[in-house]
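Asks: Sequence:
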Amino acid sequence: MRSLKGTTKGCDIFREFQEGLLTLKVPITDICNITTDGASNMTGKKSGFLGLFNQNYPGNNVVFLHCVIHQDALCKSALNMKPVLDAVVKLVNTIRSRGLTHRQLRDFLQSVQSEYFDVLYYTKVRWLSAGCVFERVWKLKDDIVSFFHEETVFCGVQNVRRYRMAFGLCIFTDLLCHMNNLNVKMQGKYQFIDDIWAQLKAFKLKLNLFAGQLAKNDLSHFLRLNSIPLVNEEKLKNYEYGLKKLHFEFERRFQDFSAIQTELDIFTMPFNVNCEAVRSDLQLELIELQSNNHLKQSFLNMPKLEF
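Take the sequence shown: its position 242, counting from 1, is numbered 644 in our numbering, and each next residue is one higher.
It is possible that part of the hints are untrue.
The calculated label-pair distances, taken between Cβ atoms and stated as ranges, are [said to hold, decoys possible]:
| no. | residue 1 | residue 2 | range |
| --- | --- | --- | --- |
| 1 | C534 | K427 | 20 to 26 Å |
| 2 | L686 | N619 | 54 to 60 Å |
| 3 | Q593 | A661 | 18 to 24 Å |
| 4 | N676 | K427 | 37 to 43 Å |
| 5 | D488 | N694 | 33 to 39 Å |
| 6 | K427 | D683 | 23 to 29 Å |
| 7 | N628 | Q593 | 28 to 34 Å |
| 8 | Q457 | T670 | 31 to 37 Å |
| 9 | M403 | Q593 | 17 to 23 Å |
| 10 | K492 | T670 | 41 to 47 Å |
| 11 | K427 | N628 | 56 to 62 Å |
| 12 | A679 | M403 | 33 to 39 Å |
| 13 | A679 | D488 | 46 to 52 Å |
Here are the simulated DSS-like pairs of lysine-lysine, each with C-alpha atoms no more than 25 Å apart in a straight line [as the list claims (entries may be wrong)]:
| no. | residue 1 | residue 2 |
| --- | --- | --- |
| 14 | K587 | K646 |
| 15 | K603 | K591 |
| 16 | K484 | K637 |
| 17 | K637 | K587 |
| 18 | K647 | K698 |
| 19 | K484 | K606 |
| 20 | K447 | K411 |
| 21 | K587 | K541 |
| 22 | K541 | K637 |
| 23 | K606 | K591 |
| 24 | K646 | K606 |
| 25 | K647 | K603 |
| 26 | K407 | K447 |
| 27 | K606 | K587 |
No wet-lab data here; the hints were simulated from the structure.
For every residue, glycine included, the Cβ atom is placed at its ideal position computed from N, Cα and C.
Can you make the complete structure from the sequences, with help from the hints?
Replies: Take a look at the structure:
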């Protein structure tokens, strides 16, 4: 772990990277992958970290990949979530920041035997908390409106009740729920990169499915949106376009995974990979592996990590 003081330009990051290698006595040949957040100071081909790395280490075999968790910029660039997000955050922060109001709301939720007894904070640092916040507000919306029954007491609640805001809350809660499920599947121990890539490919197909279904007014996978009456077809078209943009962003940001598909297949299905398609330094070993029936049976019966 290296700390950056002052600017965070590509040259600053690259300098710290080189000093870290020297300190730890790690040869550059041991570096096989570098993961970035997609920012220009990291991925710039001239003055970014990637460009400086390739200039100083020409002919390297290092694979640069986009971090699969940094999806905040991806979502914000493809979907206009700001109005709904601002309204929900204002609602939650107003409740949580007023001690008496917060305690009274919790007591009220307990008295009506609500499924949850509190609302969650949203933090920009943990973008995926937005999905949890939206989900909690959606489930508590009727109880919150009942508690703040006077508009003069809390006008922010009225925002959630308006059709336009309720529509956005529904569809974003549904979509963020799908995205949170994706991230849960990509986390945890013993995850191989090919497993993560499989989840990303599946999610891209789901986005195509969602967009196509919205075009047909099919809300099968948008349960909360399907629960409100009189869904506006024009709004559905806007969100259909947003889902297509989101799919494009996934394609663009994670295209480096496609470039190493053959290498990933070696981990996913080593006994089915065409030996002529892999790197020359792996071909002979792969042929021996594929010719060994005992190893093939072990691969089918054992966890990948143990194999």
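Asks: For each hint given before, does the structure comply? Return the numbers of the non-compliant ones in rising order.
Replies: 1, 5, 17, 18
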